[in-house]
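From just these sequences and the hints, can you work out the full model?
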Amino acid sequence: MNKTLLTVVIACLIVCSSASYARNVTGLVIQHTDLDEKIADTCNRYCQGRLIRVTIRREDDFNHIVEILASLENHHHQDTLIDGGFVVYQYTVDVYAVGRLDQRNCKITVLDVSVSGDNLGIAGDARNERGKVHDAPSCRQFI
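Numbers in my numbering are just positions in the sequence shown, counted from 1, shifted up by 19.
For the record, the hints were derived by calculation from the structure and aren't laboratory data.
Check before you lean on any hint, since a few could be wrong.
Below 35 Å or equal to it, Euclidean Cα-Cα: the simulated DSBU-like pairs (lysine-lysine) are [stated by the list, open to error]:
#, residue 1, residue 2
1, Lys151, Lys57
2, Lys126, Lys57
3, Lys126, Lys151
Everything numeric in this text was worked out from a predicted model, so none of it was measured.
This is the structure:
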């Protein structure tokens with residue numbers, strides 16, 4: 020194999036691998052959006068919500084697949100006079116969402132939402148997001 024062909028193959032491998040690489044943009048999302056605050060507000064009275072991970076992966080020339088994982092931690096401790104009390108319940112609900120971000124208009128379409136560990140049904144509304152389109156202001160900074 021000659022040196023020029025080898026250089027082209029290596030360049031193609033670099034470009035091809037970076038095109039399908041999922042980049043973790045959690046820090047940028049927390050810093051530049053209010054998504055983490057919205058998650059925390061979702062269960063303001065009953066749990067602690069936090070953004071775990073946001074990744075973005077190029078799908079084609081204009082679209083990117085965005086994956087989001089959020090955790091809603093539910094815990095209730097009942098104080099008693101004996102032994103300091105006991106835990107009434109403690110569990111974690113994980114919400115995983117996948118969307119398609121169109122970089123031309125900074126709109127994200129929710130493709131799928133799955134919820135696990137939701138024994139009390141507190142995250143049922145999350146499933147209703149499938150198919151909805153949301154604005155993603157300044158989306159190009161995450162691409």
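Check: Any hints this thing doesn't respect? Which numbers, in order?
Finding: When the structure is compared with the hints, none of them turns out to be violated.
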